[in-house]
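Visitor: Using the hints, put the two standalone chains together into the complex.
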Amino acid sequence: MNLIRINKWLYEVPRSFRSDMRVPARIFMSDQMVDKVLVDHSLEQIVNVTTLPGIQKFALAMPDIHEGYGFPIGGVAAMAIDEGGVISPGGIGYDINCGVRLLASNLPAIDLKKRLKDLAAQIYAAVPSGVGRGGPIVLDNKKMNEVLKHGARAMLKQGIGTQSDLEHCEELGCYEGADPSAVSDRARERGNDQLGTLGSGNHFLEIQVVDKIFDEKAASAFGLQEGCATVMIHCGSRGLGHQICTDYVSNFLKKLGQWDIKLADRELACAPFKSPEGQAYFAAMKAAANFAWANRHTIAHNAREVWRRVLGPSENLSLVYDVAHNIGKLESHSIDGQVKQLIVHRKGATRAFGPGAQGIPADYQHIGQPVLIPGTMGTASYVLVGTKNGMAEAFGSSCHGAGRAMSRMKAKKTIQGSQLRQDLLDQGILVFSDSNRGLAEEAPIAYKDIEEVVEVTQEAGLARRVARLRPLAVIKGD
Amino acid sequence: MQKQRYEQLPSTSELKLRVFGSDLPDLFENALFAFFDVQNLELGKPVSQRLVQLTGIDHEHLLVELLSEALYLSHKHKEAYLRMRFKVFSGKGLSAELIGSPIVKVSGEEIKAVTHHGVLIHQKNGKFETDLLLDI
Numbered sequence: 001m002n003l004i005r006i007n008k009w010l011y012e013v014p015r016s017f018r019s020d021m022r023v024p025a026r027i028f029m030s031d032q033m034v035d036k037v038l039v040d041h042s043l044e045q046i047v048n049v050t051t052l053p054g055i056q057k058f059a060l061a062m063p064d065i066h067e068g069y070g071f072p073i074g075g076v077a078a079m080a081i082d083e084g085g086v087i088s089p090g091g092i093g094y095d096i097n098c099g100v101r102l103l104a105s106n107l108p109a110i111d112l113k114k115r116l117k118d119l120a121a122q123i124y125a126a127v128p129s130g131v132g133r134g135g136p137i138v139l140d141n142k143k144m145n146e147v148l149k150h151g152a153r154a155m156l157k158q159g160i161g162t163q164s165d166l167e168h169c170e171e172l173g174c175y176e177g178a179d180p181s182a183v184s185d186r187a188r189e190r191g192n193d194q195l196g197t198l199g200s201g202n203h204f205l206e207i208q209v210v211d212k213i214f215d216e217k218a219a220s221a222f223g224l225q226e227g228c229a230t231v232m233i234h235c236g237s238r239g240l241g242h243q244i245c246t247d248y249v250s251n252f253l254k255k256l257g258q259w260d261i262k263l264a265d266r267e268l269a270c271a272p273f274k275s276p277e278g279q280a281y282f283a284a285m286k287a288a289a290n291f292a293w294a295n296r297h298t299i300a301h302n303a304r305e306v307w308r309r310v311l312g313p314s315e316n317l318s319l320v321y322d323v324a325h326n327i328g329k330l331e332s333h334s335i336d337g338q339v340k341q342l343i344v345h346r347k348g349a350t351r352a353f354g355p356g357a358q359g360i361p362a363d364y365q366h367i368g369q370p371v372l373i374p375g376t377m378g379t380a381s382y383v384l385v386g387t388k389n390g391m392a393e394a395f396g397s398s399c400h401g402a403g404r405a406m407s408r409m410k411a412k413k414t415i416q417g418s419q420l421r422q423d424l425l426d427q428g429i430l431v432f433s434d435s436n437r438g439l440a441e442e443a444p445i446a447y448k449d450i451e452e453v454v455e456v457t458q459e460a461g462l463a464r465r466v467a468r469l470r471p472l473a474v475i476k477g478d
Numbered sequence: 001m002q003k004q005r006y007e008q009l010p011s012t013s014e015l016k017l018r019v020f021g022s023d024l025p026d027l028f029e030n031a032l033f034a035f036f037d038v039q040n041l042e043l044g045k046p047v048s049q050r051l052v053q054l055t056g057i058d059h060e061h062l063l064v065e066l067l068s069e070a071l072y073l074s075h076k077h078k079e080a081y082l083r084m085r086f087k088v089f090s091g092k093g094l095s096a097e098l099i100g101s102p103i104v105k106v107s108g109e110e111i112k113a114v115t116h117h118g119v120l121i122h123q124k125n126g127k128f129e130t131d132l133l134l135d136i
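Quick note, the sequences are listed as chains A and B, same order. Numbering-wise, my numbering puts 93 at position 93 of the first sequence, and it's gapless, one number per residue. Numbering-wise, my numbering puts 46 at position 46 of the second sequence, and it's gapless, one number per residue.
The reader is advised that the hints may include incorrect statements.
Stated by the list, open to error - Okay, derived cross-link-like pairs now, PhoX-like style, lysine-lysine, Cα gap no bigger than 25 Å in a straight line:
#1 B:Lys87 with B:Lys45
#2 A:Lys410 with B:Lys16
#3 A:Lys143 with B:Lys76
#4 B:Lys45 with B:Lys78
#5 A:Lys413 with B:Lys105
#6 A:Lys410 with A:Lys57
#7 B:Lys92 with A:Lys254
Hints listed in this document are in silico derivations from the structure and should not be mistaken for laboratory results. Predicted model only: the values in this text are computed from it and were never measured.
Here chain B stands alone, though its shape is the one from the complex (with noise of 0.2 Å):
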């Protein structure tokens, strides 16, 4: 049974994901996936790799700079990033290379923003989670 990844759930006026992993990289690659999945992209072959390297005060920062940048690179390269390859992770760091796939159509939200509400990421049913609202 393939694992879930995340599920989007109701919002009054923005974009709200929870997201799940095995363990705390495959959560954010996970929250990555999502970021991008729920956009209902059209992508043409992987072509690229944009190294980050990202600090934070804990996770959940690192998550949402993690995200953030994502967001930028999007808009800079007109890529998506579905899949990331970690170099480092640590508490407060992470080191990856994401890889891009050029973005042919965009049939869903644009997202213009990732906050910090409701970013707490824990361990639920041998699982870590956490929710993510995007600004749209």
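One chain only, chain A, in its complex shape (with noise of 0.2 Å):
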């Protein structure tokens, strides 16, 4: 692999390294990480990404890429749609809109002490979650098409939610154009019965307290106090995006003939954004993201029913943000001096635009949209700003979380998942969850080191730190 070392935080794959590559491949990493992310195929992944058509100025790999399927995790790409770019399902991910969504208190959390096991014990009930797992919202065809054509919009509807819920929150929780005819019956009914759940593998709600602010501007604006607890939640779209994609990626490989196009990875299938194939995938992902924000919407609401009923009536949760990482975005970016229309991919990377930047709530205008990047259990999470510099050198785009270092057999080998809850429990960390296996799967070590990602990130200029979140119950399914 022919590795150019831009800078201290940024590498390069050039173009003459593979004949089939349309524009380099730019790696954000630090000079110490360069041999982990040598172990696995997430260099030839992002090298292959720069093959598809369309694509502008890099494809982009952020400091928590890993080995993924097509594009890597931590993957960004952006094709001009005027030029033949094309629309790549494998490009956004399995999990349409996995994303992260933070609540705030102004409760310090050092008076929840006394009441967290009851609260997390009640939060854990109310919020359905593991393999599998449906809750007891079951939405027929009616009812789906609401949310997948409205988003979180639809709940509100129905009296789930507020009102600044929505202006807080990506695309104000409805991407605008979905297709609910674009959506299989099948996706249909593998997400019918799933609103209002978590899921499982890395998915999970977390109590947090907010342990450090880095900028204090920042974090006055985006309502986050030293001290005060914080709610984490992150998941997707759940079985249904996870079958729109499958559907897609089918369908797509089936027609590549007929635009000529040749892949280095199946998984990279894709169509002339365009074409009505590509505007068919475009309108059934944004109808997933919908549903993924109407989930994430409905889980804040019912973790928040819960906070009252335990803490007091007076007790609130405010949403700072909500954001997306497995997503497609058109977008105005410059590139080279011209204005163009781009279909921005990010899978395992998250938006994080500068201030100013259009499609941020009109209270962050001024500060630039925040960037809520989860850790593993254990270690701390996140919250970044987008920067201006960000915009120009990775089309306003970040990292997620930390990235898996370690695969989930050698973590069931390596950890005990009883063991790691005594560990968390000794930490004052208190553990929800039915399976220790799936405990072992994402224990802490399992993954990169969350610091070492966030310092590349805000040395690179992608975004920056303004508050570090540390768990205090963690709730999750197996």
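Guide: Right, dumping it as structure tokens:
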């Protein structure tokens, strides 16, 4: 692999490395990270991304890059829709709009201590989690169409959540242009009992404390106070999103010949963005994104109800922000002095728009968009803020988490889930999960160092630290 | 000696399997078996036969289509399909009955999707094999 060091935080694989590359690949990483990144096939995957039609400037890898399928996890690629640019479901991910929602309180965490166990236990009961687990909300076709079309707004109409929840959500909780008819019956069946559920794997709900503030002005704008409690939710579009990706990858593979597209990897299956097929996928992707926003909106509402019931009716959780890290967004960016319409794929990467950018809440315009970076159980999560530099360097994109460093197989062999549970308890972190196996797989040691990932993100100018959040209680499925 | 039907391989974030078969239909059936066996399921006695009719651009695509179909049917009917009976099997299509057992309990990973990543059916030492990467 021909890796050129651009600067202390940025490496490049030049176009000359392989004849089918349309643009270079750039990887945001420190010198210390290079050996770890070379361990898996993530660099080969980001080079494969450079071969996609219409790709602009660079295929980008964020500091939490690791091997995925097709795109690496932590991959960003932007295709010009007026230059034959393609849209690739694999470049968005199977869990469409997997993302993070952060809610903040005015309650000092120290006041929470005696009631934490009861609070977490009641949230665990109120928010279904776990393998294939459905929830109490079952959507018939009509209700499903409402959710797919209107996202979190459909839930607000039913009295779930608040208007301000929409105002601080990416796309105001609804990506306009979703088409429920582009969503298959199978996808609907897989999602019809999953609204308001967390799912399994690395999805979670955490009660946290704002451990340290790095940027007082931004923290104040976001409603974050040092020592006060927060709630973070990480989940996505559940089985519905997975089925949509499965459906369209299969469809596109059957049609590649008619578009004369050659793939370096089948999981890069794509369609010209402006083709009927590309537009159908985009409309279905928006529908799945809306489902995910409705999902996190509902989970937040249920958590908030428990919060007030346990802690008192005057206690509130207000939404800081909700942002996706598996999504395709139609955005305008300047490329060599020319403004172009791009379909920006972020797979395991978070939008990180700087101050003044269109599409971020009015009360955050002067600061920039919150960037929510969940850590692992037992380690910190971070709130960052987007920068103007990041808009130029990375289409306004940032990392999405710590990134896995160890396979699940190895994690299960290395770590005892029951011991991990005790170790976390010894650190003062309560864990609510039925599965020790699931805990072992998600152990902190299985992930990269979040501090290192955030440092590179900041030093590379993609986003900068606002606050560090420390977990107090973790709720997750198996 | 019992033939090896599959093995689990390390993967950073997903579930990776290597599946073996004496011929292509055997490979497909072993892939189906592996898909459900790796989920550590407690099952009841076989009770159903689900007919599937699938097409693909080649064998690799067809294999992913089969497992994706099995995933969907498993969710819909709360069943696992460890065995199948082919009616038709060709380069780009198959018709088969999947023998379904009700799922009593799941102790392993939840498989959310079957990816095309690394699926390349080839012969090695007289056996057919391919890798599968499953999204969990």
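Visitor: Now tell me, hint by hint, if it's right for this structure.
Guide: Hint check:
A distance of roughly 23 Å separates the Cα atoms of Lys87 of chain B and Lys45 of chain B; the hinted pair therefore holds under the 25 Å criterion. The suggested pairing of Lys410 of chain A with Lys16 of chain B holds, with an alpha-carbon distance near 13 Å, which does not exceed 25 Å. Proximity of Lys143 of chain A to Lys76 of chain B is assessed by CA-CA distance (about 19 Å); at most 25 Å being required, the pair is judged to hold. Under the criterion of a C-alpha separation no larger than 25 Å, the hint pairing Lys45 of chain B with Lys78 of chain B is consistent with the structure, at around 13 Å.
Restraint check for Lys413 of chain A and Lys105 of chain B: satisfied, since their Cα atoms lie roughly 23 Å apart, inside the 25 Å limit. Distance hint between Lys410 of chain A and Lys57 of chain A is unfulfilled; the C-alpha atoms sit about 37 Å from each other, more than 25 Å. For the hint pairing Lys92 of chain B with Lys254 of chain A, the CA-to-CA distance comes to about 11 Å; that is within 25 Å, so the pair holds.
Of the hints listed earlier, the one the structure fails to meet is number 6.
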